[in-house]
Each structure stands twice: as C-alpha cells, then as structure tokens.
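If you want the building blocks of each chain, they are given just below.
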Amino acid sequence: MKAALGRSVPVALYLSMILVPLLFAVDRLMFVTGMNPFQAILHLDEHPLGTDAIIFTFVQAILSSLLTLILGLPIAWWLGRYEWKRIGIIRAALTLPFVTPTVVAAMGFLALIKEGGLLDTMGIDLRHETGLIGELSSMIGIEYSGHIIALLLAHAWFNLALVIRFVEPKISTLPPRYEDAFRMLPAGHSRWNRALYFWWPMLKTSIQSAFVFTFIFSFTSFALVRWLAPNMWTLEALMAVEGGAAGIPGYRVDVSQLVLGGATLQGLVLLGALALAGRWQRQQSNEIEIVSEGYLRGYIGTPGKGARLGIFVATVFALAPLVLMVFSSIRIRDRTSESYRWSFDAWDRAFKGDLTYASVPEALTNSLAYALGCLVLSCLLGFFVAQTIHALEEQNKTRLAQLVDVLSMLPLALSGVMVGLGVLLGILKIWPVMFSWYALPILPHAMLTTPFVVRILLPAMREIDSDYDDAGRILGYSAYQRFVLIKLPLLKPQLVVAAALSMAFSLGEFGASWILLRSGAWDTLPVLVDQVMSRPKYFELVEPIAMAIATVLMCMTFLLFVIAERFRTHQGGGF
Amino acid sequence: MSLTIERLNVSFDGRDVLHNLNLKLSSDEIVVILGPSGCGKTTLLRTIAGLQEQDSGTISLLDEPIHDRLCEQRGIGMLFQRPVLFPFKDVLGNILFAYKKKNFQNMDDVHSVMNEMGLIGKEQQSIETLSGGEAQRVVLARILLTEPRLLLLDEPLSALDVDLRRKIALEIRSILKSRSIPAIHVTHDPAEAELIGDRILHWNELQPGGDDEE
Numbered sequence: 001m002k003a004a005l006g007r008s009v010p011v012a013l014y015l016s017m018i019l020v021p022l023l024f025a026v027d028r029l030m031f032v033t034g035m036n037p038f039q040a041i042l043h044l045d046e047h048p049l050g051t052d053a054i055i056f057t058f059v060q061a062i063l064s065s066l067l068t069l070i071l072g073l074p075i076a077w078w079l080g081r082y083e084w085k086r087i088g089i090i091r092a093a094l095t096l097p098f099v100t101p102t103v104v105a106a107m108g109f110l111a112l113i114k115e116g117g118l119l120d121t122m123g124i125d126l127r128h129e130t131g132l133i134g135e136l137s138s139m140i141g142i143e144y145s146g147h148i149i150a151l152l153l154a155h156a157w158f159n160l161a162l163v164i165r166f167v168e169p170k171i172s173t174l175p176p177r178y179e180d181a182f183r184m185l186p187a188g189h190s191r192w193n194r195a196l197y198f199w200w201p202m203l204k205t206s207i208q209s210a211f212v213f214t215f216i217f218s219f220t221s222f223a224l225v226r227w228l229a230p231n232m233w234t235l236e237a238l239m240a241v242e243g244g245a246a247g248i249p250g251y252r253v254d255v256s257q258l259v260l261g262g263a264t265l266q267g268l269v270l271l272g273a274l275a276l277a278g279r280w281q282r283q284q285s286n287e288i289e290i291v292s293e294g295y296l297r298g299y300i301g302t303p304g305k306g307a308r309l310g311i312f313v314a315t316v317f318a319l320a321p322l323v324l325m326v327f328s329s330i331r332i333r334d335r336t337s338e339s340y341r342w343s344f345d346a347w348d349r350a351f352k353g354d355l356t357y358a359s360v361p362e363a364l365t366n367s368l369a370y371a372l373g374c375l376v377l378s379c380l381l382g383f384f385v386a387q388t389i390h391a392l393e394e395q396n397k398t399r400l401a402q403l404v405d406v407l408s409m410l411p412l413a414l415s416g417v418m419v420g421l422g423v424l425l426g427i428l429k430i431w432p433v434m435f436s437w438y439a440l441p442i443l444p445h446a447m448l449t450t451p452f453v454v455r456i457l458l459p460a461m462r463e464i465d466s467d468y469d470d471a472g473r474i475l476g477y478s479a480y481q482r483f484v485l486i487k488l489p490l491l492k493p494q495l496v497v498a499a500a501l502s503m504a505f506s507l508g509e510f511g512a513s514w515i516l517l518r519s520g521a522w523d524t525l526p527v528l529v530d531q532v533m534s535r536p537k538y539f540e541l542v543e544p545i546a547m548a549i550a551t552v553l554m555c556m557t558f559l560l561f562v563i564a565e566r567f568r569t570h571q572g573g574g575f
Numbered sequence: 576m577s578l579t580i581e582r583l584n585v586s587f588d589g590r591d592v593l594h595n596l597n598l599k600l601s602s603d604e605i606v607v608i609l610g611p612s613g614c615g616k617t618t619l620l621r622t623i624a625g626l627q628e629q630d631s632g633t634i635s636l637l638d639e640p641i642h643d644r645l646c647e648q649r650g651i652g653m654l655f656q657r658p659v660l661f662p663f664k665d666v667l668g669n670i671l672f673a674y675k676k677k678n679f680q681n682m683d684d685v686h687s688v689m690n691e692m693g694l695i696g697k698e699q700q701s702i703e704t705l706s707g708g709e710a711q712r713v714v715l716a717r718i719l720l721t722e723p724r725l726l727l728l729d730e731p732l733s734a735l736d737v738d739l740r741r742k743i744a745l746e747i748r749s750i751l752k753s754r755s756i757p758a759i760h761v762t763h764d765p766a767e768a769e770l771i772g773d774r775i776l777h778w779n780e781l782q783p784g785g786d787d788e789e
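Going down the list, the protein sequences come from chains F and E. If you read the first sequence in our numbering, its first letter stands for residue 1, the second for the next number, and so on. If you read the second sequence in our numbering, its first letter stands for residue 576, the second for the next number, and so on.
Treat the hints as calculated values from the structure; they're not laboratory data. A couple of the hints might just be wrong.
Stated by the list, open to error - Calculated pairs, DSS-like style, for lysine-lysine (alpha carbon to alpha carbon, straight line, at most 27 Å):
| id | chain 1 | residue 1 | chain 2 | residue 2 |
| --- | --- | --- | --- | --- |
| 1 | F | LYS487 | E | LYS697 |
| 2 | E | LYS664 | F | LYS487 |
| 3 | E | LYS697 | E | LYS664 |
| 4 | E | LYS664 | F | LYS492 |
| 5 | F | LYS492 | E | LYS697 |
| 6 | E | LYS752 | E | LYS599 |
Construct the complete structure from the given sequences, taking the supplied hints into account.
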C-alpha cells in the first residue's frame, strides 16, 4: 500500500505536469474563441495563412518522407548487405544529422546554399533562385521552389538516419537462405520480382515505420522551415510566430483559433501517426528469425564500385553541411570588395557578445543550467513512471500498466511549439508571476524528454532478473538498500544514456524555448543563434557569429551523444 | 530441531503447490529432497527463505517461529540454480556484498573464506570471466560470510558437467559440516543426492501421509 502510494505520487506529478498547463491553455483558448478544439479546426481558414499552412505542412511532410526513403533505402541496402571496413564510423557519420539540433541543421544548410556557398558556386542557387533553379522554378510555376527544394533536402538529410536505423538491421540480419530459396523459384529469377515479392514483404514494416517517423519530424519542423523556407508556413511555424498574440480576449481571435485548431489538428495527426508506427513496430518484432549481422555480411562479401561510391557520396552529404557551417564561421565576406577572408573575428564577437545579444558563455551557462534541470526532472520522473508501469505489469495489472504507459507517451504527440504555447498560455493563467521565473523552460524540456527516459528505462527494468532482488533479500538488504545498491547500479548504463539524451535534447531544443525565451534575458544557445541570424546582414560578421554559436552547440550535443552511444552500444541500452 | 515445518500450504492462482507439507531438520543435518521438475521443490525453498508468501502453516528455525518475518530478517542463506552475481562488481566486490550491513574491521574472514573456496588471486577478476563452478563458489563464499543459520541449495550444480558437479558437491558438504550449518538441497539427480546428503527424502514423502521423520 505504502509502495503503491509512493509510486503514484511521481506518476500523478508527471501527468499533472503534462496535462495541467495544456488543459488550462485549451480552456483559455476555448474561452477566447468561444469554440471547442474540433470546431476550431474547421475555422482554421479564417486566419489569412491558415489554409496555405495546412496544405504546405502536409505536402512538404509527405514529399520529405518520400525523398528520405528514396535517398535512404539504397544506403541502408548497401550498409546491410556488404562487409564494410570501419562500418561503425560510416554509420556514426550517417547518423550524425539526426542527433544535430535543428537550429544547427538549419545553419549547416544555410552554409551549403547561401550566396557564395558550395551549391551556389556549383551554379545551384536555391536561395535566390537564379540560373538553373530559376529556370526550373519558372518551368514548374511554383513560387520559392528553390526554398522548398532546400527544405525537402534538409528534412531528408536530417531523417536519413531513421531509414538506416529501421531498415538496415532488417537487411543485415535476415538469414540468407530465405533469399536463396526464393531465387530458386520461378518468381525469384528477376531482380524486379525479388524486390516486389521478396524484399518488399520482408522490409515493408521497417520502411513504413521509417516513413511515418520522418513524416512526424517533417510535419512539426520549425527551425528548418524558419530559416530555409522563410516565405513558406507550416502549422508549427505559423503557430510559433503568431502564438504570442493568442489567448487574449477580444484581440486577434483568429490567432487564438489558429493555435487551438492548429494544435488540435497537429496533435490528432501525430497521435494517428504514432499509433500506426507502434502497430508496425509490434508487427516487425514478431516476424521471422534473424541471424547475426556479421553472418550475412560475410556471406554476401565486399561491396562493388557502385556501392562504395554511393556510401561515399552519402557520407559527404551527411557531413558537408556541418563542415561547411564550421568553415562559414571563419570565412568572412567583405561587403565592399565582395571577397572573402579567413578570420576568427566572429568567434571573438560570439564569445564577447554585445549590448543586443548574449555572449556564448552566458547562453551556454543558461543552456547547461536548463539541460541539467531537465536531466534531473525528466530522469527522476521517468524513472518512477517506468518503475510504476513495471510494478503494475508484475502484479498482472496489465490494463492499468498500459494506461499509464500510454499517458506517459502523450508528449510524443506534441511538438516543441505546442508544448511551449501550452506552458505559455497555461502557466500565465495559473500563475502569471512564473513567467518571469528563470527555470520555467525546464518544464517544457522535461515534458518533451520524459517519455524518452521512460522508453529507455522500461525495457531495461523488464530485463532485470528478479533473482538479483532475491539475492539482495537473502543477504539481508532492506528494500531501500536493494534499490540503491543493486537496482540503480544495474540500471546505470541506461540511466547514463537517458541522462545524456535528456541533456542533449534540452541543449538543442528550439521550438518551446523560442516561444518562452524570445522576449526574455535567459537565452539558450539555439535561441541565440536565431536572434543573431535575425539581425540585418549589413554587418559582415552577423552570419559567421551565428555559425560560430551553432558550432559550439553542435560540439556540446555531439559530446553528449558520444557518451550515450558508448553506453548504449557496449552495455546494452534499450532505446 | 534446527528447522521445523508444519502443515505448510502455498498456492498459486487457487492451485495448491504445497499442501500440508511437513519437514524436520536436526542441527547441522544436510537433507536432500529428490523430486521431478515442477513438483514444487523451488517453491518450498523460496517459502522457507521468505521469498514466497505462504497461505498457512508454521516454519520455525532453532525453535523460533520465522514464518511471519521478512526474508531479510530470517538469517537464511540460499544458492539459486543460476549463480546470482552482480555484474557491476568484481569477484571481491561481490563477496563483500555480504558485509554491506556490518562495519567489518579487517579482511581476515574474507581471505579465509576465499582461500577455502579456491578464489585467492581472483579478487579483481570480472565475474563475466568466471566459469559456472567458480561463479557458484563466489556466491557460496558471499553467503558463508553472512553466517547463515540454514542454507538452502536450489539445484545450484545443475548447470555444471558431471565431474565438476561431483567435485563441488563434495566441497559443499565438507564446508557445511566444518561450519555445522544445516542445509536443504533440492535436486532431481539421485547421484548428487547420495554425495551431498545425510538424509534423502523423496518429494511425495513430504506431503500428508509421508513420513519425513527418521
């Protein structure tokens, strides 16, 4: 009884942390608009940009997902089929974009496509749509097609790792005898038939899952849309930019309708997508037997020239924006002579700051403080929520366990901007003074990261053999001693992974922080990048300073992911 | 009597696993219970240790009722089928787990037990590198340091090959006798039972009508 009560407190705290701000925000918006969330969806067209935003959000998300599959599937195939030297390094390079904060990704792509950037030098001007892209643009008759291409490419770049992580293991662990047996049949003689009747059924669930997750990330993309397609609006970008005027009775009611309807529509789409992905993933885990990776690779052998070239191009594609971003921070364009010089002036300015923006040390201090706060809150809550679900499962209270599990996953159906707006509008209503509280951004960061902590810890808890607890009891240890001296050390690898991922996520979080901090004095690194980039570009160092700050953010995030990956690989993490 | 069990009943989901079970153990006696897999041997040991709740009946150790005490307070040692070693500690760290509750002053006892178990020189070894026999020796060393009033052995040798099983069975017997620790050993292997036990009981002798008295 005491244990059940002890467990229900953190779960209740966590659920109220998610639900209270959101419910208050919805209540406020319903009061201002006089309509319920579903009615608000039908009134989205009343906002001048509402309809365009809905159409563009869906179209770009679908196209981005398709492009990601087109680029990612051959890579996953080559990586999964053949024996590669240093496959760990190749895989890490191709996964890097996915762990990159979105602001850094946006800066990286800007460095790639900007005037004087690599693509521009090659005659591909996606920024101002001159030359080849200009001709293409007028041929297809779509305005800002260069921006859209850049956005789609950036989404594909960002999500490439998803296709690789979902599909490659399936290819590399499939027993070769299945394919051999199929080749013997008449239907298996041609390559096309094998792709259609053998590989597609085998890989279908993985490909579908990769598509859905790419769709989710592209659907809620904000920083990339804001910087690569500044004239286009997705629901997420529109809600973020306009959201500040929402929730005020009698003022810009169309904005309140937009936020209420947009968030509801977005939430429904994300919930549906997550439900589909969950279903496909369950199917995937119940399918056929697998063999060790090395077995198939050894069986098929080394890659041919085409595969080598493909992987080389993919690796260059994955790394180029990041490398170019670093270069752009030290390559300064002289406005008068239109020439370039190499200098660390931007780094110097970034670290000193000025009267209009914070310095890197200040922003880094804020970012690290929020990341540490997020780590503590999300790891504590995530641990106890996972512990509760596990305890309920052990007591055969399956339905209750599933309910807590589903509720704990709710934030996955919310985007950064939605959570930020929820906290902004919800907290303001409950306790306005909290809005000026330094630690406020920890709340949305922890809301967004706690489900990941639960997902990392829960499988690990399920895997711990009950014999360990029994052995502790036999040795005379109390429940508390067993928890501290046995259970926590057994979960240490997963706790380190969860802690590192929480910190990394918080460091790079942009949507919610942008909503809550854009008028505040406690800017984080991603918000600082955005602030600096928003300044007029007459001053030649503006862009290089933003690139320098983004480089610092990238290094911090990668460091945390290296720590997480080290523990995940060598000690068996669950996520 | 060292251990007295009277009319012990344990059930899972309404199904009787132990029904009016009786057992008596004299001091420093090693009793082996022989029975087929799934008959309830492990449940009996887990109930004596306090890891499994009982429905009714009494369990007394050294004439003191223990059935209403927590497992942690019974002073009973148990060796599981699979050696349970903590992967985040080396051999010595695992053995010292016996001492976490006490403020021990020197390592003499630890060295003495490790010597007895043939573990000297393996203190810093990772538990992943131990053989099955060595791992069970580490567990036994750890339990002996807690000075148990009764030792329960739940087929701890079942995963070992025949020669090693025989060797370790004899070692366990010798250690228990030298320390006068009473023990219950469950197995389905009659040869192992002959080697280790003072008395061998067949499972059906423990249920009503069965006579477990000498």
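Between F:LYS492 and E:LYS697, is the straight-line Cα distance small enough, at 27 Å or below?
-> Holds, because 25 Å separates the two Cα atoms, which is no more than 27 Å.
Quickly compare the C-alpha distance for E:LYS752 and E:LYS599 to 27 Å and report which way the hint goes.
-> 18 Å, holds
Going straight from one Cα to the other, do E:LYS664 and F:LYS492 come out at no more than 27 Å?
-> Answer holds: E:LYS664 to F:LYS492 is near 13 Å, not above 27 Å.
Is the Cα-Cα distance between E:LYS697 and E:LYS664 27 Å or less?
-> It holds: about 13 Å lies between the C-alpha atoms, which stays within 27 Å.
Does F:LYS487 lie within 27 Å of E:LYS664 when you go C-alpha to C-alpha?
-> The given pair, whose Cα atoms are some 13 Å apart, holds under the 27 Å limit.
Hint consistency between F:LYS487 and E:LYS697 [alpha-carbon to alpha-carbon, up to 27 Å] | Given pair F:LYS487, E:LYS697 holds - Cα atoms ~25 Å apart, limit 27 Å.
Hint compliance for this structure: every hint is met.
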